[in-house]
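Asks: Just so you know, our numbering puts 96 at position 32 of the sequence shown, and the rest follows in order with no gaps.
The hints are simulated quantities; they were obtained by calculation from the structure and are not laboratory data. It is possible that part of the hints are untrue.
Said to hold, decoys possible - With a cut-off of at most 20 Å between alpha-carbon atoms, the simulated DMTMM-like pairs for lysine to aspartate or glutamate come out as follows: (1) K132 with E76; (2) K132 with E73; (3) K115 with E105; (4) K115 with D82; (5) K132 with E84; (6) K132 with E72; (7) K87 with D99; (8) K115 with D139; (9) K115 with E73.
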Amino acid sequence: MSAYDQYEETREIAALLDQEGLKDQATQLRNALADGATGTEIFMMIRFRLKVMLNDGPLPHELSLRIKTFYSYLDTALQ
65 MSAYDQYEET REIAALLDQE GLKDQATQLR NALADGATGT EIFMMIRFRL
115 KVMLNDGPLP HELSLRIKTF YSYLDTALQ
């Protein structure tokens, strides 16, 4: 069993987005946690929103790397 907490990672990334002034993106991630009915649905919503963030524009390098790593984890988990 993995000790990796995907929900906590989502909250931490949302907090980092808030710190960068990206309030809308942070809210979208938090809403995915609240709006999903199942774990799979939540992962799918988070993955989709992370992909949009990565495609929409420049993010600070460290945050971008963290999002890419998390996106990759979710992508693998959903296969």
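Asks: Compare the structure with the hints numbered earlier in the document and write down the numbers of the violated ones, lowest to highest.
Replies: none
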